[in-house]
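Trainee: Protein sequence lines correspond, in order, to chains A and B.
Anchor point for the first sequence: position 105 equals 105 in the numbering used here, and the numbering is continuous, going up by one each time.
If you want the numbering used here, it's the 1-based position in the second sequence plus 1000.
Keep in mind that the hints were calculated from the coordinates and are not lab data.
Check before you lean on any hint, since a few could be wrong.
[As the list claims (entries may be wrong)] Taking lysine to any residue pairs in the SDA-like style, the calculated list, with each CA pair at most 25 Å apart, reads:
no. : chain 1 : residue 1 : chain 2 : residue 2
1   : B       : K1101     : A       : A136
2   : A       : K48       : B       : P1051
3   : B       : K1125     : A       : L147
4   : A       : K48       : B       : T1010
5   : B       : K1170     : A       : L125
6   : B       : K1125     : A       : F140
7   : B       : K1249     : B       : L1329
8   : B       : K1110     : B       : P1051
9   : B       : K1174     : B       : L1195
10  : B       : K1101     : B       : Q1079
11  : B       : K1260     : B       : A1341
12  : B       : K1170     : B       : F1127
13  : A       : K219      : B       : F1084
14  : A       : K48       : B       : F1014
15  : B       : K1061     : A       : K48
16  : A       : K219      : B       : N1088
17  : A       : K43       : B       : P1051
18  : B       : K1110     : A       : L125
19  : B       : K1101     : A       : G135
20  : B       : K1101     : B       : N1026
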Amino acid sequence: MLIETIKDKDVVNAIARSISLSFSAGILAFLMGTPLAYLLARKNIIGKKIIEGIIDLPIMIPHPVVGIAILSLAGRNHPIGRFLSDVGIQIMGTRTGILCVLLFVGLPFYVNTVKAGFESVPVRLENASRTLGAGAFTTFMRITFPLTWRHMILGIIMCTARAISEFGAVVIVAYHPMTAPVMIYERFTAYGLKYSQPIAVWLIIISFIMFVILRMLSKSIKQ
Amino acid sequence: MIHLKNINLTLPSFALKDINLHIQKNDFFSIIGPTGSGKSLLLEGIMGLIPFSSGNLILEKKDITTLAVEKRNIAIVYQDFALFPHLNVSQNIFYGVPYHKIPKQTAQKKFDSLVSTLGLEKITKRFPTNLSGGEKQRVALARSLIINPNVLLLDEPFSALDPVFHEEAKLFLKKIHEELGITIIMVSHNFSDVLYLANKGAVIKNGSVMQKGEIISIFEHPNSKFTAAFVGMKNIHPICIQNGKLAIKNNNIRIITSHKPSKTDNTMGIRPEEISLIASSSSYTVKNRFHGKIKSITSNGIFLLVHLQTQNFQFEAIWPRSYLRDHNLDIGKIVTFGFHAESVHTF
Chain A
1 MLIETIKDKD VVNAIARSIS LSFSAGILAF LMGTPLAYLL ARKNIIGKKI IEGIIDLPIM
61 IPHPVVGIAI LSLAGRNHPI GRFLSDVGIQ IMGTRTGILC VLLFVGLPFY VNTVKAGFES
121 VPVRLENASR TLGAGAFTTF MRITFPLTWR HMILGIIMCT ARAISEFGAV VIVAYHPMTA
181 PVMIYERFTA YGLKYSQPIA VWLIIISFIM FVILRMLSKS IKQ
Chain B
1001 MIHLKNINLT LPSFALKDIN LHIQKNDFFS IIGPTGSGKS LLLEGIMGLI PFSSGNLILE
1061 KKDITTLAVE KRNIAIVYQD FALFPHLNVS QNIFYGVPYH KIPKQTAQKK FDSLVSTLGL
1121 EKITKRFPTN LSGGEKQRVA LARSLIINPN VLLLDEPFSA LDPVFHEEAK LFLKKIHEEL
1181 GITIIMVSHN FSDVLYLANK GAVIKNGSVM QKGEIISIFE HPNSKFTAAF VGMKNIHPIC
1241 IQNGKLAIKN NNIRIITSHK PSKTDNTMGI RPEEISLIAS SSSYTVKNRF HGKIKSITSN
1301 GIFLLVHLQT QNFQFEAIWP RSYLRDHNLD IGKIVTFGFH AESVHTF
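Chain A with its partners taken away, still in its complex shape (with noise of 0.2 Å):
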């Protein structure tokens, strides 16, 4: 059964649409998150905790609630939804809105991962650099990235784990294309358990290898 349903087409595309869209979810959060996290480690910005509640969000209301609020964004009756249309970007249905949402949840897990790697490297070494005449940025590629890179891909991989397992957002804004959580909810609810199972088995196996990778890497950040 397991391999009858690794050849079905449509759970080949719903498992890589599943990890695909993930990955690109945590490579757009190592974009975006990065200098978002750097800013809230090293400067003393205004509102800095509200904003670190609006990252936090998404990890304490519920999925659907996510789903609903970025529908509602998305949508002709608001002025993001209009300006998106008219530069023709869909949300509602489409690849975009599913990266969106996986972004949306996603982000918290990386935003916080790099954060703490960068207070863990001390003011005073990138401080001691531009004393010897590096620039910010510089000091930033020489000295700041080399000490949090394996917070970074920590960050992105714990960021695309969570995109992964994510649905009940992306039921909302996405039903189609379908992604592998949706294709074994709409399996369980329209055939039942026999043939939502060796979907979720696939999904659970690559979650699994995931981890693995996960914890080796968390283990030489210790180290």
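Once you have looked at the hints, place chain B on chain A.
Mentor: Only chain B this time, still in chain A's reference frame:
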């Protein structure tokens, strides 16, 4: 060389107030003060990490008040050394070279000379985690010196070192300053280190300069109770001056000074190590002589702190343990003690 003109720096909970300092080329200048006095904040301002609220910072006739940190060529050795943990010793030392247009050969020569002067030959491939405190400090020094900084800042250079390395580090710093003729600004709360290393300095308290000038002059002629206590003076008491003569307030004890106290002077101080026992047969070069008994003897670390009571007044003296043993001194013993007129400082 480096001139701090009317510097003010206001933070929500602290402020540096109207700092004026002039540091000459090749000076070993020390900013001295207790913890929380604003010394390190002043260093951060000089480095450019925190902008001054007002005032000007002039380096070799150029106003660098708003110049970026990396363009000032002012290097620092932090108290925890701030070595880059992912780079080995030689990579740490070479770190700043690419930003100073130093030809490769010149940099290599300078590297070899610094490594040899600072005794780092055997550890150039090691990483900071495998170095002792003293080695870390020497690497940090080499890393700063290879770029020929205009000024080298030292932030409490001995506070993170074991006593063994402390003495060694003092000797290295003295040697480097003498051999390279570099301008150094050192922040310290230990006056003994300052006295050994620095030629000039400023005492700072709550963000204001209390006294500045030659270190030896600050040591010998503190101008306030605070500075006097900070440079290790004891026997600090209020005085009154009658007909140009000095007496301890509310007491009949008269003190002979070598100078005429100024009318505004209201306090005196005597270094505790300058009070000594006087043998009855000794000459009368010691003008201030008292007869009294040893009230208490307490340990002051290596030395002993002895309270000597005469009439209703107590003097504090610091004597070596052997001194008490040799003179067979103990609590309650009646002794003659005194100090020279030159030992009395008034402010």
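Trainee: Look at each hint and say if it fits the structure.
Mentor: Evaluated hints:
A distance of roughly 18 Å separates the Cα atoms of B/K1101 and A/A136; the hinted pair therefore holds under the 25 Å criterion. Between A/K48 and B/P1051 the CA atoms are separated by roughly 22 Å; this keeps the pair inside 25 Å, and the hint holds. Restraint check for B/K1125 and A/L147: the C-alpha separation of about 19 Å stays at or below 25 Å, so the hint holds. Only pairs whose Cα atoms come within 25 Å are accepted, and A/K48 paired with B/T1010 is accepted, the gap being roughly 22 Å.
Annotation: proposed proximity of B/K1170 to A/L125 holds, straight-line Cα distance about 24 Å (limit 25 Å). For the hint pairing B/K1125 with A/F140, the CA-to-CA distance comes to about 24 Å; that is within 25 Å, so the pair holds. Proposed proximity of B/K1249 and B/L1329 is contradicted: the alpha carbons are some 30 Å apart, above 25 Å. Proposed proximity of B/K1110 and B/P1051 is contradicted: the alpha carbons are some 33 Å apart, above 25 Å.
Distance check on the hinted pair: B/K1174 and B/L1195 sit about 12 Å apart at the alpha-carbon level, within 25 Å; holds. Annotation: proposed proximity of B/K1101 to B/Q1079 is violated, straight-line Cα distance about 28 Å (limit 25 Å). Of the pairs offered as hints, the one joining B/K1260 and B/A1341 holds, with about 11 Å between alpha carbons and a cut-off of 25 Å not exceeded. The suggested pairing of B/K1170 with B/F1127 holds, with an alpha-carbon distance near 24 Å, which does not exceed 25 Å.
Of the supplied pair hints, the one linking A/K219 and B/F1084 holds, its CA atoms being roughly 22 Å apart against a limit of 25 Å. Among the hinted pairs, A/K48 with B/F1014 is consistent with the structure: their alpha-carbon atoms are about 23 Å apart, no more than 25 Å. Of the pairs offered as hints, the one joining B/K1061 and A/K48 is violated, with about 41 Å between alpha carbons and a cut-off of 25 Å exceeded. In summary, the hint linking A/K219 to B/N1088 is supported, as the alpha carbons are separated by about 23 Å, within the 25 Å threshold.
With a C-alpha separation of about 15 Å, the suggested pair A/K43 and B/P1051 falls inside the 25 Å cut-off, and the hint holds. A threshold of 25 Å between alpha carbons decides the hint, and for B/K1110 with A/L125 the separation of about 23 Å falls inside it, so the pair holds. In summary, the hint linking B/K1101 to A/G135 is supported, as the alpha carbons are separated by about 15 Å, within the 25 Å threshold. At roughly 23 Å between alpha-carbon atoms, B/K1101 and B/N1026 fall within 25 Å of each other, so this suggested pair holds.
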